[in-house]
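Trainee: The primary structure of each chain is shown beneath.
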Amino acid sequence: MSEPPFRKILVANRGEIALRVVRTCREMGIRTVVVHSTADRDSAAVRLADEAVQIGPGAPRKSYLYPAMIIEAALRTGAEAIHPGYGFLSEDPDFAEICDKNGIVFIGPHPDVMARLGDKAAARELMAAAGLPVVPGSAEAVSTPGELVETTKRVGLPVIIKAAAGGGGRGMAVVRDWDELLPAFRTTRATARGVFGDDRVYLERYWENARHIEVQVLADNHGTVLHLGERDCSVQRRHQKLIEESPAPLLPPALRDRLTQAAVRGAAAVGYTGAGTFEFLVEGDEAAFIEVNCRIQVEHPVTEAVTGIDLVREQIRIAAGLPVSLTQDEVRPNGVAIECRVNAEDPRRDFAPCPGLLTEFVPPGGQFVRVDTHAYAGWQVPPYYDSLLAKVIVWAPDRDQAIARMRRALGEFRIDGPGVSTTSELLQDVLAEPVFRAGRHSTALLRK
Amino acid sequence: MSEPPFRKILVANRGEIALRVVRTCREMGIRTVVVHSTADRDSAAVRLADEAVQIGPGAPRKSYLYPAMIIEAALRTGAEAIHPGYGFLSEDPDFAEICDKNGIVFIGPHPDVMARLGDKAAARELMAAAGLPVVPGSAEAVSTPGELVETTKRVGLPVIIKAAAGGGGRGMAVVRDWDELLPAFRTTRATARGVFGDDRVYLERYWENARHIEVQVLADNHGTVLHLGERDCSVQRRHQKLIEESPAPLLPPALRDRLTQAAVRGAAAVGYTGAGTFEFLVEGDEAAFIEVNCRIQVEHPVTEAVTGIDLVREQIRIAAGLPVSLTQDEVRPNGVAIECRVNAEDPRRDFAPCPGLLTEFVPPGGQFVRVDTHAYAGWQVPPYYDSLLAKVIVWAPDRDQAIARMRRALGEFRIDGPGVSTTSELLQDVLAEPVFRAGRHSTALLRK
Amino acid sequence: MTRTFPEITPEEATTLGGLGAEDAMAILGHSLAEAVRAAPQTPSRAVVRFGCASIEVEWPVGTRVVESAPAAAPPEPAEDLAAVVAPVVGTFYRAPEPGARPFVEVGDEIEVGTQVGIVEAMKLMNPILAEEAGVVAEIVAGDAESVEYGQPLLLVRPRTEG
Amino acid sequence: MTRTFPEITPEEATTLGGLGAEDAMAILGHSLAEAVRAAPQTPSRAVVRFGCASIEVEWPVGTRVVESAPAAAPPEPAEDLAAVVAPVVGTFYRAPEPGARPFVEVGDEIEVGTQVGIVEAMKLMNPILAEEAGVVAEIVAGDAESVEYGQPLLLVRPRTEG
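Protein chains in written order, with the numbering used here: chain R, 583 to 1030; chain F, 583 to 1030; chain C, 187 to 348; chain W, 187 to 348.
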């Protein structure tokens, strides 16, 4: 066993991703510190970590989004690096810079790169300049009604207005008619200001029947940029991904090559390092870049399942200055992997999150099934955070078998508790949907 | 999705393997009937099955070993085939024949083949005739003290005396000194009579520092015989396997080829069909056949993890007369897989089984970890059966990472209950053992 | 004697700051038991609540008042019927052959060893014999019904010993 | 015959979070049992509440007349100490600078707003102010000790209101 690249890593996140990161650290012989709110005191990640530091109350602003507390905990415990997971501070260039100033390695791309890619309008410009196809839209943030109308005229209805600093499906509005345009503009800006503290919005052509396809890249500080193939994340509910898979079904090989090459070119152009995702919309043979996610994604396990590569391990190695541990030729995706997100949400109340006590929680198991979850029987799902309870990932030699396996896995998942509902049934309905089984679905699948 | 090869299968087993078989049936769209004793009424397999039939009390003789009840349940529920799992009736040619007479497909090799291979002395003769290297020993069962002494002189001490009908590590004795020979002979015969109802024993040279290596084969009714590589099962405690892995560490490629080819040749020679395992002892460059297991093995998941092949699916397809679903060239083992058996046994009481209530049971999860278990929190481990609680299987690109991953996985496994102890700590000790980590261990590892 | 107490909202329920609900309930339950044990008299009602979950126990008033109890008729004991169960998986028959009279009917007096039915398994007719003397109270398995091991076929009210 | 126990608001429950909600609840539950045991007569009703959790016991009125209990001295009430907790992760200091006199010592009378220590985090000195008047009962965090959010620094015996 070789020397671990760090002796101690602080995990600045919670839930399944905190546990996910701790697991890889343990496998690498790296000690872990998990910071947590009072609401997560009994979490699975805290249980498994070598050390835990309580940094604040349940409300994220005062704990997981509070850089000073996290840095303080890192300095105090002697952590050499911080893994930010996804969400929270994972794409915050300021936080990455604070880490840097305090002599702590931020496990992610350079703050400058994150800043440039974090502004989605700017990222589109950057990628267009690097030769990537982009969706027709505003070159920069749209700030006046005049610019709004002019850009809309140019790209044509329908359009989608998005918060420049947005993410996770929030701060977006689709406009199909001219008279919806100005109200949507106002609402989106207000949301963007409220949620992200930044009211800049941009606008792009809305593709009604597009597929959401993203390319996973890994880039190190030695000039290597690899792609690990693509993921199809077209099954979405209000821009929230529900099901992800790799490879993308029915994607023409030439188009796949164009997308993966574009992602590699884009990553190289901005000096990207670490694990990142280039997102595209695809309709027929047309493809357009939408944004880069400068972090590990919720759906990274599907790529792990088809490539056998532990992405968090690579992130850590790259952050320590080591080269990516394999070459592009050695990346040989095999078979099909699908991930389903099981959320604690109530379908009868428009998928409102339903925190509460889990009296029963028996995840599926057996052949070619992976479950990433921080939940357990007796755990109280706190009300402060996202509603993700578990990710179920299956692998199979082909897509039909993978779908059958996922249906089996979801079918044996036992979750119960007073007031707890999950998205499991919705997921099973989608898996049984002929258009999904044929691989001919788009992001419009759940829009009906 | 193609038509399933059977409409309904009865699973004549319990525990994790019954659940394992039900899972594959569900994935194949085959309905399942699980027969069970009163002690397994609340088992995970019963919960997941489409139908369940209670066939007898906890004692196996009156339930899982009672052919008439199982056949009656199959006829009554309209099951077209019976999957026997491992243990119980899985290698009983009479049971296979009764199935056949009742128009039910027995998922396993032909009864004649099972009968010939089930007598271990006869199997050795058969394989020697097919050109396989065999351990020096008695050509047939040894029935008189005269034969015993004569054979022992010929092969040389130490020898091992084994029940011809034995299995699972029972009915075996190692003899290192002449004065132990006759007492061991008597004891082994008595055990063999008591446990297997057949007092024939045979004798072979005992290899003190051998590795236990076995080859997985798949053979169909169309003349195809494949091997799926080998497994190393050298970590044993009193002939009970604790840890299995694939590929076998440090096995010279030429020797690996000899073993896999011998297994294929042997399977072809006896007209083997279904999934089977050819077991060998290996010491240095020497290798010798020991026996064939005519069933799915406990450790089959390690082969599944490196090949991506669902072995139970292949068993079912073959039993339905379909060809094996891939060619030898398409079998491309990748990476390293390790399985650990977590048993409910008390290390302080010489690993006596400790049935009881599980108050806490949270298996490990996450990247590249598979758990096959029928246990759950709140389940009462019954006293009638073997003590296997869970199989933890990990995959990694190389053996070092696989060991690190297994240590992580066992470390996060939470099992508790009044009076419940497990082998988890022993397993972790073995994983940390330098000789194991170097891959230089033999079956002598735990003999100290 | 019953009062109503303000309901606790889920929001309040989570303000316990991460204390595992199981632990909380265990602690609460313990305390309740201790409280009940501590009192020289049985409470009339006890409630344990944690968020939306609750345990509520009520004791009937006057059950432990011993001195004044009149010699009432002993309460009818919960009917203690014995089940005759299927010894094998098979088909239950009430009569020796189709159209024949059933072995027993409800109300029949039976002795140990009285045949009460047949379970056919693997073409073998297994006679089902009573293991207790008494009166047939109910026949719970239908004629020609498929039965599992241990499944009740009929219920017998055992003969009282005096 | 109703005994009331001090109610704890959800807000207090969370600030006590650092004290260990489990401990707090166990103590409360114990107190109930103790109170019941100590009382010369069975209460008609008792309530313990902690945030959203509550234990509630009612006894039937007047069923047990205690004929001989002498008027025992009322039991010493369980000490109800308030914790001053760390508002941030950092280093706790008892004194304004090394070698200086500590802000407070055990036995000191303090008012709302009295500075009782410092928690240094990110080179910022966060003054720790008492939120309740009373007497310092115990200083539980060591000087220059690393503390987490919510960790108790010192315990205060609140001033009784009369």
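Note that these hints are calculated values from the structure, not bench results.
In this text the structure is predicted, and so the values were computed from the model without any measurement.
Backbone N, C-alpha and C define an ideal beta-carbon position, used for all residues, glycine too.
Treat the hints with caution; some may be incorrect.
Unchecked claim - Here are some chain R residues pointing at chain F (derived, C-beta under 8 angstroms):
1) Arg602
2) Thr955
3) Tyr958
4) Pro979
5) Ile997
6) Pro1000
7) Gly1001
8) Val1002
Trainee: Against this structure, judge whether each hint is valid.
Mentor: Structure-based check of all given hints:
no.	hint	in the structure
1	Arg602	6 angstroms, holds
2	Thr955	6 angstroms, holds
3	Tyr958	5 angstroms, holds
4	Pro979	6 angstroms, holds
5	Ile997	13 angstroms, violated
6	Pro1000	17 angstroms, violated
7	Gly1001	21 angstroms, violated
8	Val1002	17 angstroms, violated
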